[in-house]
Every structure is written in structure tokens, then in C-alpha cells.
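S.K.: Here the protein sequences come in this chain order: A, B, C and D. Under our numbering, the residue at position 102 of the first sequence is numbered 102, and the numbers go up by one with no gaps. Under our numbering, the residue at position 3 of the second sequence is numbered 121, and the numbers go up by one with no gaps. Under our numbering, the residue at position 85 of the third sequence is numbered 305, and the numbers go up by one with no gaps. Under our numbering, the residue at position 86 of the fourth sequence is numbered 696, and the numbers go up by one with no gaps.
Since the hints were derived computationally from the structure, they do not count as laboratory data. Do not rely on the hints blindly, as some may be mistaken.
What the hints assert, rightly or not - The calculated lysine to aspartate or glutamate pairs, modelled on EDC-like cross-linking and capped at a C-alpha distance of 16 angstroms, are:
| id | chain 1 | residue 1 | chain 2 | residue 2 |
| --- | --- | --- | --- | --- |
| 1 | C | K425 | C | E507 |
| 2 | A | K57 | C | D541 |
| 3 | A | K38 | C | D312 |
| 4 | A | K38 | C | E311 |
| 5 | C | K278 | C | D312 |
| 6 | C | K549 | A | E116 |
| 7 | D | K775 | A | E116 |
| 8 | A | K33 | C | E311 |
| 9 | C | K380 | C | D312 |
| 10 | A | K33 | C | D312 |
| 11 | A | K57 | A | E94 |
Treat the numbers as computed from the prediction; the structure is a model and nothing was measured.
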Amino acid sequence: MQNPWIYIGLFVLVGTIIPIAPIVIAAVLAPHKPNPIKQSTYECGMETVGENWVQFKSQYYIFALVFLIFDVETVFLFPWALAVNQTPLFVAVEGVIFIAILLAGLYFVWQKRMLEWA
Amino acid sequence: MLPLAAYLSLSALLFSLGLYGALARKNAIAILLGVELMLNAVNINLVSFWRYGNTALMAGQVFAIIVFAVAASEVAVGLALVINIYRRRSSINADEIDLMKW
Amino acid sequence: MNFWTDPIAAVAQGLMQTFTGWGMAPEVAGIVTNLLGVVLMITAIMVLDIFLVWVERKVVARFQDRLGPNRVGPWGIFQPFPDIIKLILKEDITPTGADKVPFNLAPILSLGSVIFLWAVVPVASRIYGVDLNVALLYLVASGAIGTLSIIMAGWSSNNKYALVGAYRMVANMVSYEIPLAASLLIPTLLAGSMSLNAIVEMQAKGVWLFLVTPLGALLFLVAAIAELGRSPFDLNEGESEIVAGFHIEYSGMKFGLFYAGELLHAFTFGGFLAALFFGGWHGPWAEEYPLLGAFYFVAKAMLGYWVIMWIKYTVPRIRIDHMLAFNWKFLTPLAFTLLVVTVLAHRLLMSLPLGLYVAGMFLVNLLVAWATLEVLRSSARRQREALGTR
Amino acid sequence: MTAEQIIFYLTAALILVSALMVVTTRNLIHAALWLVSTLFGVAVLYATLDASFLAVVQVVVYIGAIAIMFIFAVMLTRRDLLDKVPQTNTSWPWAAAASALMAGGLLFAGSQLNAFGAARPALSGDALQGLSLALVSADGFVLPFEVASILLLAAMVGAVYLAYKK
Chain A
1 MQNPWIYIGL FVLVGTIIPI APIVIAAVLA PHKPNPIKQS TYECGMETVG ENWVQFKSQY
61 YIFALVFLIF DVETVFLFPW ALAVNQTPLF VAVEGVIFIA ILLAGLYFVW QKRMLEWA
Chain B
119 MLPLAAYLSL SALLFSLGLY GALARKNAIA ILLGVELMLN AVNINLVSFW RYGNTALMAG
179 QVFAIIVFAV AASEVAVGLA LVINIYRRRS SINADEIDLM KW
Chain C
221 MNFWTDPIAA VAQGLMQTFT GWGMAPEVAG IVTNLLGVVL MITAIMVLDI FLVWVERKVV
281 ARFQDRLGPN RVGPWGIFQP FPDIIKLILK EDITPTGADK VPFNLAPILS LGSVIFLWAV
341 VPVASRIYGV DLNVALLYLV ASGAIGTLSI IMAGWSSNNK YALVGAYRMV ANMVSYEIPL
401 AASLLIPTLL AGSMSLNAIV EMQAKGVWLF LVTPLGALLF LVAAIAELGR SPFDLNEGES
461 EIVAGFHIEY SGMKFGLFYA GELLHAFTFG GFLAALFFGG WHGPWAEEYP LLGAFYFVAK
521 AMLGYWVIMW IKYTVPRIRI DHMLAFNWKF LTPLAFTLLV VTVLAHRLLM SLPLGLYVAG
581 MFLVNLLVAW ATLEVLRSSA RRQREALGTR
Chain D
611 MTAEQIIFYL TAALILVSAL MVVTTRNLIH AALWLVSTLF GVAVLYATLD ASFLAVVQVV
671 VYIGAIAIMF IFAVMLTRRD LLDKVPQTNT SWPWAAAASA LMAGGLLFAG SQLNAFGAAR
731 PALSGDALQG LSLALVSADG FVLPFEVASI LLLAAMVGAV YLAYKK
């Protein structure tokens, strides 16, 4: 096949249909007797207090930010890793500089104690 | 075979939808969502120009990757600003953030 | 075309002849043949998944000094079937206030994201779905879909525990994608290709990559366990603190899909560990007889799966601050340092004969491990002294 | 209609419908989920354009990181979001007019291009190898490659500093 993505497209299509099948079978076969108590939010028997969309500390968000930046970095590094064997040593050094710059960023955030879970 | 026109028209429409989102929405996060759509439209253009031009020249794809980096930076800083503004003013309604107007 | 030397091509050719004999256009027949291949592959994976339920229960029983399922069939091997029937016949409860569409989509994506991975796994020398040239990034991409499914489940359940699970997941599972990707960069760099077939082919000479980069293999294992959300990194489930976390409100078959997805995910990562670092399907006579190669591959993947289970049932869960510190202050710097050292050592030793090259790379890895231990020891000493003077 | 056209029109419909939902739906979490669907459609588009690397990177970076960041930011700032009231500002008709004008202008400008109706040439060589060599070799794009790392460094430091609660 010329384009491997045709096969992957078929795979994704069938791979989503197959998990749907048991849900449909279960929906047909399983009993369905809803009542308010059964459908209420499960909190180990306690009554739910207040809104369910509660706010959380933004510390989670800091880690997501650092992740986002590093995720893009790895995307840049994959082409570099592919090319590094066939190119002069200069290219390897260039990737090392790239990594060093980002690790410097991580070091900065670390030293400023923003990675602490406080 | 599809002509280049198909991809360019799609990206033009997507860009305009993104522009509408960025201009018309009240919420700061929704404005950033609109900007994301516009960046994606640009990327579709870059990649389709690469594919329909000389495929040995990689500028289109490389530019698309740079756009990914720019989009990620934009989201990181933009959403951090939103979080910061929310913490100070407990609102991220773009109409109400008018402290700099006077 | 002989079935024993090239089973897929032989069967595909036979099917193509049958379909075109019925008067189908060759392109349509090609698509239908591929579709049948895909359905066959996914069915095989799902049957394996059902079998994994029994394996998991039996192995955990042995770790905990119990017998495990032993009533239905010999050694309880048919136990998964009553389980499935029970799950299907359970009532499916959707809590009030749940966001219906994401709520129902999440388990499908959770299992689907694992199934998609098998499109690129080379099971044996001529048995594989497709030779994708970006297969390793495809692995990371499918992990992204899995992450998304968990956040959807956690958000749409309208439950505080589920939301906590989703929040923790973002901070934890997502963070570990960085060391995972960095440890995937090392085989990419050594093979000069992101295709799994090329990486497995490179190990044909008997030099498995874990000899060249033992630390890379270890990093991949740790990051994979975190990516799976298995103990000791199962904070997004955390049964004893947030009562199952993101899938707390799921019942019946939808819960079953999450469960099946988790088991299959663990086995799949065992398979990737085997393909990337332990020679894939390579073994005696695997080249001539692909079915033998498939057996080797499944055996190696099972071994990897067993190691993951071993860790799961031995190590207790760690706290979220420890876990994030472990990732960002230890694993990520180590992974990138290892990458830098590997690329420099690889460039220096590339021209040496194979034996010397492997020995050199192994020594370099040992050196990095030793330096890491020294750094850890000195930082621990500093912490102790800081505590002592207080 | 060939299979290629069918795939393209389905993908285009997916992209445009989800993009429309992104800019119109009131619930912001749903807007972010529709964004995921748009992004996935764009990834499929890259795959049909033989840009495998970009297709996967689209899923890794956009769906795996950026969309999740959006969902996360919405969850963190949710108190403010009253899903019932209209989510558009008062000048939305002007915005609609401007974007309609933009669409018309872009389509017109595109149709003036010589290459507008161009057919697709055959792919020359391994696109992935070409891309990686172009990105890192000295006569290629090594400067943007390094500048990108500085951009990412600046974004990380700035964003963490902004989001950090003192």
C-alpha cells in the first residue's frame, strides 16, 4: 500500500467499533431500573455537599505547563535523532545545546522552588 | 486527484471561523481557542503548499513544526495569564478586563 | 507462496484471488482483504485480552500466596467468561448531572487507544500491520488519546472523586510522557529510524538494545508503568483515598472496558519493551518460520507484562508530591543526560568493531548509573545534615 | 468520486462542523472537546497529504498537550462560567461580518494564485528523512531549530512565573 495511513485508518475505525459493540450488547441485555438514589453521585454514602465542579490548587497547572514545553521539545528532538547518524558531529553538538537550553529552564524553575508541592 | 484549491479553501474557511471565535467570544479562554483554530488553518496551508510544490524542499513542513512550537508557547503564556488574571479579579471575561483603558 | 514461511501474504493472496474471482475490482478487493486482516488482528488481541484477565488474577493470587480462580475449567482458565457475562448483565448506571456524550465516549477511547497501537507492532518477521515510519511517535500519540479519555471520564462523571482523579492524572501521567519520549529517543537515535520494524531488524545480529542501553530500557519501563497508571503510580485511581478515581461512576460493561484497556495496555507495553530493547521476535529459527517468531514475541511480551505485575503487587503507592518530584527532579534530568551521553558515546564508538562498541556503550551506561547514584547519595546526605542542624 | 475525495470531504466536514461548534457552543469544556475533534480532523488531513510526521505530532502536541491544557484551564476558572448566558460579546455581528469578509477575501486571493488548481506531484524521496536532515543540517533550518529552544525556554519561565502563586 502506498499510504500506510489507509491501513491505520481502517484499524482506528474497527478499533473504535469493537469497544462500542459490548456497550450496545450490554444496553440491550442489562436491566434498566433507574431511581434517584441509585443515580445520585457516589460519595461513599455521604450526601453531596455543594457543587461537584470544585476548584483545585493551581500547582497542578504548573506541572502541566512544564510538560507542555517539554512535549514540544521532544517533538523537535525526534527529527534530530533520526538525522544525527548521517551528519557531521556538529549536528550532535547542536542537539546537545538544544537539550542544555531546556534543562537550564527546568533548573531555573526548580531553583525558584516552583516545582515544590506546597 | 484533489487540486490544491480544495485544501486552500478549507483552510480559508477554518481561519475565518477562528477569527470569528477570537473576535466575538467573551471568555478569554474561548478567544485563545479561536486563535488555535487560526494557527491550524495556517498549518494546513503550509503543509499543502509543501505537498503541491517541490516536495524535496522541506520549508513548508519545517515551518509547520515551528508553528507548533509557537502555538505551544502561546497557549502556555496565554493560559498562565488567564489563570493569573482570574486569581486577581476572579473573572476571565475579556470585556471586564479593562483596567488599562483609563 | 508457502504458508509456513509467509502466512499473511499467502492468506492475503488466496483471499484476493477469491474476491477477484467473484468479480470484485482489485482495489475494492484489496481494501476488503485489509479490512479482514484488521478485524482478524483486533479479534486476536481481544481474545488475548480476555485471557489476560485470567493471567492477572492468577498471578496476583500467587504473589499474595492465594490460589486464585480455580473452579471454572482447568486452573480456572475459563473464569473470564463468567466475568464477562456478569459485566454484560449488570445494570449500566449513569449518574444524574453527568455529561452524557463524553461519559460514554471515554471508555471507548480508553480501550481504543490501546488497540490502535497494535497496528504498528511487528509480531513476527512478516506478520505486522503496517511498517509506519513514525511508529514511536505514534506510541506517544496513542498515549495522548488515553490521557484525554481519562480526563473526559473524570470531568463528565459529575463527581468530586472523579475530578480529583482527573486532576492528578494531568499532573502525573502526562508528566511521565516526557521521560517516556526521551527513552524512546535513544532507540531512535541508535537505529536511525522511528520504525519498529527497523529497530527490531537492527537487533537481528543478536545484540539486543538493552545491552547497548540498559539504563534506557529501565527508564522506559518506569515511564511506561507511570503512563499505564499502575501501582506504584496509580494515583489517578487511588482506591484507598479517592475510591477508584476517574472511573468511580462507571458500572457494568463501561467499567469493563476501562479494566480491559488497562490490562491490554500493560501487555502492550510489555510488547514494546520486547520490541525496542529485547530483540522483538528474534530467536532461533524465527526468521524462517514467522509463527515461531510470533511465539517468541508473545513470550517476551508476557515476560515484560509479568515484570510490570510484579512491580504493581510489590510496591505501595507513592504520594503525589513524591511522584512529581521523582519525575521532574530525577527522571527527566536523568533521561536527557542519558540521551546526551548516549549520542556522544555513540558518535565516538561508532567506528569500532561490534563487540567493542557494545562493551563501550554498556560501560558508559554503568558510568552514568554510578554518577547518578553518587549525586543521589550526596543530596541525601545534604538533606540529612539540614535536618540534623535544625 | 474517488476514495481520496470521499475521505477529504468527510474530513473537511468534520473539521468545519467542529470548528463551528468550538466558536459557538456555550459550555467551554465542550468547546475544548470540539477543538480536539477539529485537531484530529487536521491530523487526518496531514496524513492524506503524506506528512506522516506532522500528523502524529499534531496528535501528540495539540491533542495530547494543548487541548488538555485548555480543558484544565477551563476547570480551574470555572466559577466564572455561567453556561446559560450568551458567550458572545455585544459586537458579535461585526465580528461575524469581519470573518465573512475575511473568508471571501482569502478565497478570492487564493483563486488568483497560479497554483490554485495545481495537481499533486509525485512524492520525491523519503519525506521524513528529508525533513529531519533539513531541520538540523547547517545549510537547512538549524537557526530556527535553536531559536525554537530559546522560545520554549522563555515561554516556560514566563508561564510558570505567571501561573505561580506567591
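S.K.: Would you list, in rising numerical order, the hints stated earlier that this structure does not obey?
M.R.: Going through the list in order, the structure violates hints 5, 9, 11 and respects the others.
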